[in-house]
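The sequence shown begins at 1 in the working numbering and counts up by one.
If you are wondering where the hints come from, they were derived from the structure by calculation, not from laboratory data. Fair warning: there could be bad hints in the mix.
[Unchecked claim] Dumping the calculated DSSO-like pairs for lysine-lysine here, alpha-carbon to alpha-carbon at most 30 Å: (1) Lys21 / Lys92; (2) Lys133 / Lys48; (3) Lys92 / Lys57; (4) Lys20 / Lys48.
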Amino acid sequence: MYSRSIIPNEFNAPTEFITKKFVLRPLTIEYVEEDYEVVMSSVDHLYKLMDNSEWPKGLSLQENLVDLGWHQREFTLGHSFAYTVLSPESNKIIGCCYIYPSANTQYEVQVFFWIKENLLSEGLEPELGITIKSWLEESWPFETFDFPGRNI
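Let the hints inform the model, and build the full structure from the sequences given.
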């Protein structure tokens, strides 16, 4: 776990963000089975996005439950924020977004996101990045944020 809140005490992190193409809600243990299915269907894509990590190769459902519990606790503490990305039409998980404290002192937070591998051809991943950037600019207290490995 991270050691401190990354938001001011008076700020309440959004618990829902809705656009025409995406619905973002906190990633909690209630999503464990569907999240696991989506993650495991996108292993190759996710592995390419995660520098210096073997995740999610070999991930078990139980390990995913632990991960989601960690994300849920971090959210309540304000230490980091993980959101499940849902389709507004089907209410099914199509990806995730993570807002973490930045290891780079030039930025307050680092943002990672992904879209389910079988939806990449629809161009949703770059669109999600632009959507998240606008959301951070308009609704969050961060002055500086980075999208490592992406040009957004």
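Now for the hints, and whether the structure bears them out:
no., hint, verdict
1, Lys21 / Lys92, "12 Å, holds"
2, Lys133 / Lys48, "22 Å, holds"
3, Lys92 / Lys57, "23 Å, holds"
4, Lys20 / Lys48, "28 Å, holds"
Violation of the numbered hints given earlier is absent; every hint is satisfied by the structure.
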